[in-house]
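Participant: Sequence order for the protein chains is S and A. Going by our numbering, 77 is the number at position 77 of the first sequence; the sequence numbering is gapless. Going by our numbering, 613 is the number at position 84 of the second sequence; the sequence numbering is gapless.
Some clues are possibly wrong.
Pair by pair, the computed Cβ-Cβ distance ranges are [as the list claims (entries may be wrong)]:
1. S:404 <-> A:813: 36 to 44 angstroms
2. A:559 <-> S:249: 45 to 53 angstroms
3. S:119 <-> A:670: 16 to 24 angstroms
4. S:224 <-> A:575: 58 to 66 angstroms
5. S:224 <-> A:582: 32 to 40 angstroms
6. A:679 <-> S:399: 18 to 26 angstroms
7. S:399 <-> A:575: 37 to 45 angstroms
8. S:194 <-> A:559: 45 to 53 angstroms
9. S:409 <-> A:679: 27 to 35 angstroms
10. S:224 <-> A:544: 57 to 65 angstroms
11. A:670 <-> S:176: 44 to 52 angstroms
12. A:582 <-> S:404: 53 to 61 angstroms
13. S:249 <-> A:670: 50 to 58 angstroms
Just so you know, the hints here were simulated from the structure itself, not pulled from any lab data. Please read these numbers as outputs of a predicted model, since none were measured by experiment. Virtual Cβ for every residue (Gly too), placed ideally from N, Cα, C.
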Amino acid sequence: MQFRNLLIGCAVAALAAAPAWGQGGTLTVGLKAEPSSIDPHYHNLGPNNSMAAHYFSRLVEQDDKLRLLPGLAVSWKPVGDTTWEFKLREGVKFHDGSDFNADDVLFTFERAPNVPNSPSSFGTYLKGKSFAKVDDYTIHISTERPYPLMPVDMAAVPIISSDVGAEVGTADFNSGKAAIGTGPYRFVEWVPGDRLVIERNEDYFDAKPEWEKIVFKPIKSGPARVAALLAGDVDFIDNVPPIDIPRLKGDENVQLSQGVSSRVIYLHMDQYRENSPFVKANGGGDIKNPLLDVRVRKAISKALDRDAIVDRVMEGVAIKAGQLLPEGFFGVTPNLQPEPYDPEGAKALLAEAGYPDGFELTIHGPNDRYINDAKICEAVAQMLTRVGIRTAVETMPKAVYFRRASRGGPDNSPEFSFILVGWGSGTGESSSPLRSLLHTYDKDRGFGASNRGRHSDAEVDKLIEDALATVDDDARLKLLQGATELAIGRNQGIIPTHYQVNTWAGKKGLSYTARADERTIAMGVTSDK
Amino acid sequence: MSARTERRAQAVAVETPFRRFASDFFESRIATAALAVFAVIAFIALFAPWIAPTDPYDLAQVSVLDSHMPPGAEAFDGRVFWLGTDGAGRDLVSAICYGLRISLGVGVMSGVIAMAIGCAVGLAAAYFGGRVDTLIMRIVDIQLSFPSILVALVLLAVLGKGVDKILIALVTVQWAYYARTVRASALVERSKEYIDAASCLALGHRRILFRHLLPNCMPPLIVVVTVQTAHAIALEATLSFLGIGLPITEPSLGLLIANGFEYMLSMKYWISVYPGVALLVTIVSINLVGDQLRDVLNPRLQK
């Protein structure tokens with residue numbers, strides 16, 4: 001009997017000590033995608049920006065709903081029509097012990113748009129702005145026209161130390177030599193394909209995070225990532241595949257966190273070529289591009305059973321979409337609802353447009369970028385085929401897809417006719433997708449950069465440009481809503497299908513604040529104790 | 530007198546090479562069963578459009594509303610999915626029938642083309658010898674020194690997707706095996722008197738190569754054909770599993786297995802398991818037939 005009590009005592013003690021993590025422990029995180037570099041200005045890409053947020057701070061930070069918070073700047077305000085003033089935080093130290101001041105900010109803004117071989121540059125946020133140091137802790141940023149989005153832009157650029165020198169290269173960051181920031185964690189090592197290790201910065205200027213050390217492990221395959229969590233190899237994973245969610249919900253050792261993202265998944269149609277390469281008459285002959293006709297685009301939208309996509313392809317983990325951002329974000333209009341499923345109406349519209357027997361189409365999409373992207377392409381093809389638009393599906397890895405979708409055709413034009421893409425609004429307001437997806441393509445002015453269907457409407461352009469130069473929030477909201485209603489409601493410039501909902505999973509007792517920008521930030525992982 | 534020698538004795542009465550071959554082959558019950566299974570699979574593959582309840586490649590007949598239904602579930606229109614459906618709502622019975630069609634078609638076609646190329650090249654090497662032989666066999670050596678999956682991956686990455694591209698890739702990785710096999714046996718045959726005799730009659734190269742040399746190199750070739758066909762089917766499945774073979778709307782067995790793989794953890798086993806079983810049965814039956822052919826055709830194992 002005594003022996004038995006002893007056994008029970010041991011078991012209880014073992015249970016009490018069971019969670020290996022806890023205050024000050026190590027957290028192991030399984031990531032779907034690892035960064036392409038540690039250099040925070042090399043590649044403006046989700047995984048890079050997520051990781052950089054751990055060891056670099058920005059002037060302005062964003063919370064889980066993309067609201068702005070003070071970062072390295074304690075306050076900001078417009079001074080005059082075209083100039084913003086940022087007051088910097090005093091007493092902040094870099095990981096190497098040196099002091100942070102305005103010189104570091106100016107050094108960063110000089111370097112960030114000019115990183116050699118950058119696949120996607122931070123110039124978007126910095127070009128067309130001039131920077132001036134007022135004193136060690138004050139800077140002025142000026143633009144030609146009034147620019148309300150200045151603080152949001154400043155939330156995108158990680159600040160590096162000027163001590164690394166102007167000659168610093170991307171390789172110096174990857175080795176860790178130049179990876180010196182002011183963030184809550186300091187960089188330890190990166191072994192591409194295997195792990196990225198960071199340690200808590202004990203001198204961090206703001207609230208210190210819970211975990212002493214974080215090990216990020218890239219696990220690309222969804223089932224493998226879930227299996228690693230269930231086996232206890234990792235404590236926390238991102239991008240839980242929707243199909244595994246019901247099972248994980250039933251597992252008492254696992255805790256899920258879910259949140260709506262600011263990413264809309266949509267279809268973009270060729271709206272500028274008379275002969276579009278992947279649109280054919282029935283039987284394969286050439287026809288005049290039917291996608292130029294707004295009635296055909298409307299028919300495609302009606303043919304989509306968005307409920308089926310959400311319920312069957314996304315396992316209920318998505319929200320059907322009728323515009324650019326889900327409810328609750330700035331610029332959302334109450335006048336646009338998701339188009340109801342109406343196959344008969346779609347057929348009637350096709351007949352009215354002169355295609356009673358439909359036509360042939362190929363949908364192109366990525367197969368490793370968005371949640372279930374290839375399956376959505378297939379479901380869209382099924383639905384369109386059913387109303388008479390015989391649709392073939394071609395999917396490819398994102399590395400190939402985006403290059404071809406943006407500039408794979410002659411003269412760097414978009415190669416495809418009908419594509420599935422997504423757009424996450426980093427600013428949390430609809431000006432971001434409007435200017436990139438629906439404004440007329442204008443390379444020199446930075447408009448329509450991802451307008452792969454080349455939707456073009458002077459009225460919409462004017463509303464967008466006015467909105468981008470209106471500092472008053474109420475007036476800007478009206479302009480953005482107006483532009484969205486025209487570009488999507490009237491023109492069907494793009495066809496939104498759904499908003500992504502992201503899911504993270506951790507061991508029991510670990511919660512995560514789901515972020516609208518889809519980032520996996522270890523500071524947001526907290527234990528319940 | 531044992532039953533076997535008795536049968537032998539009867540057979541001798543009307544013995545032709547084919548009859549002897551057939552009776553030797555059917556001595557093994559396993560091989561006989563394997564051949565029967567293979568015949569059924571080949572039948573299904575050939576007549577898939579008439580056997581399968583639906584056309585899984587016709588998007589108008591497939592609906593995501595039917596996606597991942599368990600085996601035996603009923604669709605809203607009353608059809609029964611005996612083996613369930615996959616993630617896109619395809620009936621797995623139909624998908625497996627059509628998948629077999631692609632797998633067998635690609636396997637056999639690539640085998641035949643690779644054999645034609647390999648035979649011609651291997652015979653030429655053995656018959657002409659010298660520099661021709663050295664050149665050809667070094668190319669074969671280089672080809673064989675790369676793993677076939679690697680060569681196929683690189684080729685498909687360059688060529689893109691599609692059945693024709695898969696065929697090209699499979700032929701490229703396979704012809705060298707045929708060339709080497711044919712050359713080895715042709716070298717032995719070439720030094721025999723009947724070839725000298727044919728040469729003395731001043732017969733043309735082509736006639737000697739294809740009418741005299743080739744028929745006598747057949748036995749090992751037949752064995753290699755079966756083994757390589759099974760290999761090609763497995764390779765096609767591997768390539769599709771890796772997602773670089775065929776378009777997702779026209780899945781072969783490998784792609785069906787790959788698609789089902791992501792549902793494994795959520796206990797929707799049928800999407801991967803049934804196509805996997807079909808693939809396994811196909812390859813094992815071909816290999817069993819091939820093994821028996823090797824036993825029967827190998828003179829050293831002749832009883």
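Participant: Look at each hint and say if it fits the structure.
Facilitator: Against the structure, the hints come out as follows:
no.: 1; hint: S:404 <-> A:813: 36 to 44 angstroms; verdict: 41 angstroms, holds
no.: 2; hint: A:559 <-> S:249: 45 to 53 angstroms; verdict: 48 angstroms, holds
no.: 3; hint: S:119 <-> A:670: 16 to 24 angstroms; verdict: 40 angstroms, violated
no.: 4; hint: S:224 <-> A:575: 58 to 66 angstroms; verdict: 38 angstroms, violated
no.: 5; hint: S:224 <-> A:582: 32 to 40 angstroms; verdict: 34 angstroms, holds
no.: 6; hint: A:679 <-> S:399: 18 to 26 angstroms; verdict: 20 angstroms, holds
no.: 7; hint: S:399 <-> A:575: 37 to 45 angstroms; verdict: 39 angstroms, holds
no.: 8; hint: S:194 <-> A:559: 45 to 53 angstroms; verdict: 47 angstroms, holds
no.: 9; hint: S:409 <-> A:679: 27 to 35 angstroms; verdict: 32 angstroms, holds
no.: 10; hint: S:224 <-> A:544: 57 to 65 angstroms; verdict: 59 angstroms, holds
no.: 11; hint: A:670 <-> S:176: 44 to 52 angstroms; verdict: 45 angstroms, holds
no.: 12; hint: A:582 <-> S:404: 53 to 61 angstroms; verdict: 37 angstroms, violated
no.: 13; hint: S:249 <-> A:670: 50 to 58 angstroms; verdict: 56 angstroms, holds
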